[in-house]
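Novice: Residue numbers (the working numbering), protein chains in the order written: chain V, 5 to 365; chain G, 5 to 365.
Derived from the structure by calculation, the hints contain no laboratory data. Please note: incorrect hints may appear among the correct ones.
[Said to hold, decoys possible] Every beta carbon over 12 Å from chain G, so not counted as near; a handful from chain V, in silico:
(1) G53
(2) V131
(3) R143
(4) D150
(5) R173
(6) H184
(7) N225
(8) V230
(9) N236
(10) R249
[Stated by the list, open to error] Restraint-style ranges between C-beta atoms, simulated for each label pair:
(11) G:D90 / V:R264: 38 to 44 Å
(12) V:E66 / G:A206: 48 to 54 Å
(13) G:V280 / V:D265: 37 to 43 Å
(14) G:G53 / V:D343: 51 to 57 Å
(15) G:R241 / V:S116: 56 to 62 Å
(16) G:R241 / V:G89: 28 to 34 Å
(17) G:K31 / V:N29: 55 to 61 Å
(18) G:G306 / V:R264: 45 to 51 Å
The structure presented is a predicted model; accordingly, all values stated were derived computationally and were not measured. Ideal placement from N, C-alpha and C gives every residue a C-beta, glycine not left out.
Number of protein chains: 2
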Amino acid sequence: MTLDLHGPVGVLAQHLIDIESVSGNEKPLADAVEAALRKCPHLDVVRDGDAIVARTSLGRSERIAIAGHLDTVPVAANLPSRVEGDILWGRGAVDMKGGVAILLSLAAELQSPHRDVTWILYDHEEVEEAKNGLGRLARNHPELLDVDFAVLAEPTDGRIEGGCNGTLRVEAHVPGVAAHSARAWKGVNAIHDAAPILAVLADYSPATVTVDGLEYREGLNAVAIVGGRAGNIIPDRCTVAVNYRYAPSRTGDEAVAHVRDLLNRAGVEGLTIDVVDHGSACRPGLDAPLARTFVESVAATGAGEPRAKLGWTDVARFGALGIPAVNFGPGDPELAHADDERVSVAQIEQVRKGLVSWLSE
Amino acid sequence: MTLDLHGPVGVLAQHLIDIESVSGNEKPLADAVEAALRKCPHLDVVRDGDAIVARTSLGRSERIAIAGHLDTVPVAANLPSRVEGDILWGRGAVDMKGGVAILLSLAAELQSPHRDVTWILYDHEEVEEAKNGLGRLARNHPELLDVDFAVLAEPTDGRIEGGCNGTLRVEAHVPGVAAHSARAWKGVNAIHDAAPILAVLADYSPATVTVDGLEYREGLNAVAIVGGRAGNIIPDRCTVAVNYRYAPSRTGDEAVAHVRDLLNRAGVEGLTIDVVDHGSACRPGLDAPLARTFVESVAATGAGEPRAKLGWTDVARFGALGIPAVNFGPGDPELAHADDERVSVAQIEQVRKGLVSWLSE
């Protein structure tokens, strides 16, 4: 398969959609991407598994990364693609082959951007953390991620969404003592003893925190509860899973301490709290001069004012390296993973224009 | 297999234990029981499936039922039986072949009891309600259960345990609205909204109710809770299963109303409550003259003062027919179903003596 990076970006996006690349099956697409980028003499190309990194080496004072993932969630009878007027339908249209088309098209065209650019196309974003291609690049080739600012072309409907909230999941275990429910007084009911935990969660008022000029709305919620062994047994354990979505004003450790403090306030004897999942937050860094130029250039092309990213995205991998990052890409995020996934070609072109404006100004 | 009903009751008990009769496999034992009872000319024998009913027809003014089940829970390398001094080890020693041995031995011996007796040996007590042999008898042959008082020889450690508490299980469903947990304010958290339900349950003080002179200690407990769809979804449903163990002072309908009232007091909008399981309570009837003679005769043989049965047993099937009933049998109920199930032969003989005293006085 040969990709033409020099034609219309909408045509390239459609071609990318039609190369099925569900997580784990990125190789044919990665091969095509690698071959096309290696034809560009102004780029140094490195491949790691099914991730490809292509860099300019112009000696600019600043280097930025622009990244997107090649994989999609499973196909739902929505391949091959189809076009209806301006709308491109098919798996990956939103998440995120429209964005990938922009990256490849710009990587080929911009032979002399005003800042050095590290273009990153990676695998396994839609599956478990351990397989994530960007995480693997950070482990295998940390030097390739040594940049001053990063843009992830995740779908934002053509808006700039800065940084991201962190997401922490803990499990709080309330102990009890089992007994036959006909002699309940011989036991200690762990579900009853979980009542103050739920009360604390129900009473909690999540904050909205301004970071680098963007408003991050937080959330703290029980996302699961389970307890009980049988219909005639006093439950000896009740577990509440809590998800804390926190603004990048907090470090990961501070977020954990906040949730521990809150749950311990319930005063449940013997409560234990385990962290089961944690993706740190990422600052947008929009107060830095480099980021300000990005916002100014892109806003002028129709992206409007930047806003905070509330969901967790791979920008956090840059955040963990101390690199501010933003999300900026075509497609309505509400349509990502949907059976009727679709994107406007005009929006793909608009996002491309925003990046061109910034990189060429 | 031939059963000798006229020898020592301990030997008969051991023989019964050694005829494996895990629920569903009662036939060999039922065949042996039927054959042995049919040899007694003073008994009318009826068989229904693997249940056998044997009756005296002496024209007495009162008729009592004495019942026990033939099946056991699965064997746990505890067959064949073994004897150590006074102790008989093996599956069913407690639950309830010691009791069955007493029934068979007395059925054969007591040719002219002072009250007509309906001896009932039945199948499928240790499995689901729908298979229960006593329930099947009540449906197929209601006339066979038309008695004035009933004794179930379930293990009570040689004590009289009158009637039984009812057991009601309901599920309370708290509704919510699902949303991505990064945008929690778009949802309604069903687990948080369950907080007042748990608070009401934790605050509840169960009553102790005196019925026909016995003290029934109640209990009302969450026995299960479940909620949550995924670690990043605001839960749209939380279900709390509640088990109410209630004294025979309440009817089944009153027990349901009590639990509904209590849960509705939590003020949870959209709460729905379903009854999922319900075994009614049974009065001990110990204030009736017939029962008083039972208590007087049996207490004098070492059974001590009667107490309430807190667990639910098949006496409730008699209770549902308006027939007062008590539990009275050999074996420590805490050892029922245990791998080290064992019974004292002296206690089997003592319970037998109590029944003889009552039936022959």
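Novice: Indicate, hint by hint, whether the structure satisfies it.
Specialist: Taking the hints in turn, this is what the structure says about them:
1. G53: holds, 27 Å
2. V131: holds, 15 Å
3. R143: holds, 24 Å
4. D150: holds, 29 Å
5. R173: violated, 5 Å
6. H184: violated, 7 Å
7. N225: Non-interface label fails for V:N225: nearest chain G Cβ at 5 Å, not farther than 12 Å.
8. V230: Given a closest Cβ separation of 6 Å, the condition is violated.
9. N236: violated, 7 Å
10. R249: About 5 Å separates V:R249 from the closest Cβ of chain G, which leaves it inside 12 Å; violated.
11. G:D90 / V:R264: 38 to 44 Å: This hint is violated: roughly 57 Å between Cβ atoms.
12. V:E66 / G:A206: 48 to 54 Å: violated, 59 Å
13. G:V280 / V:D265: 37 to 43 Å: Taking Cβ atoms as reference, G:V280 and V:D265 lie about 38 Å apart, which means the hint holds.
14. G:G53 / V:D343: 51 to 57 Å: 54 Å Cβ-Cβ, so the 51 to 57 Å window holds.
15. G:R241 / V:S116: 56 to 62 Å: Given range 56 to 62 Å: holds, Cβ gap about 58 Å.
16. G:R241 / V:G89: 28 to 34 Å: violated, 41 Å
17. G:K31 / V:N29: 55 to 61 Å: holds, 58 Å
18. G:G306 / V:R264: 45 to 51 Å: Between G:G306 and V:R264, where Cβ atoms are some 58 Å apart, the hint is violated.
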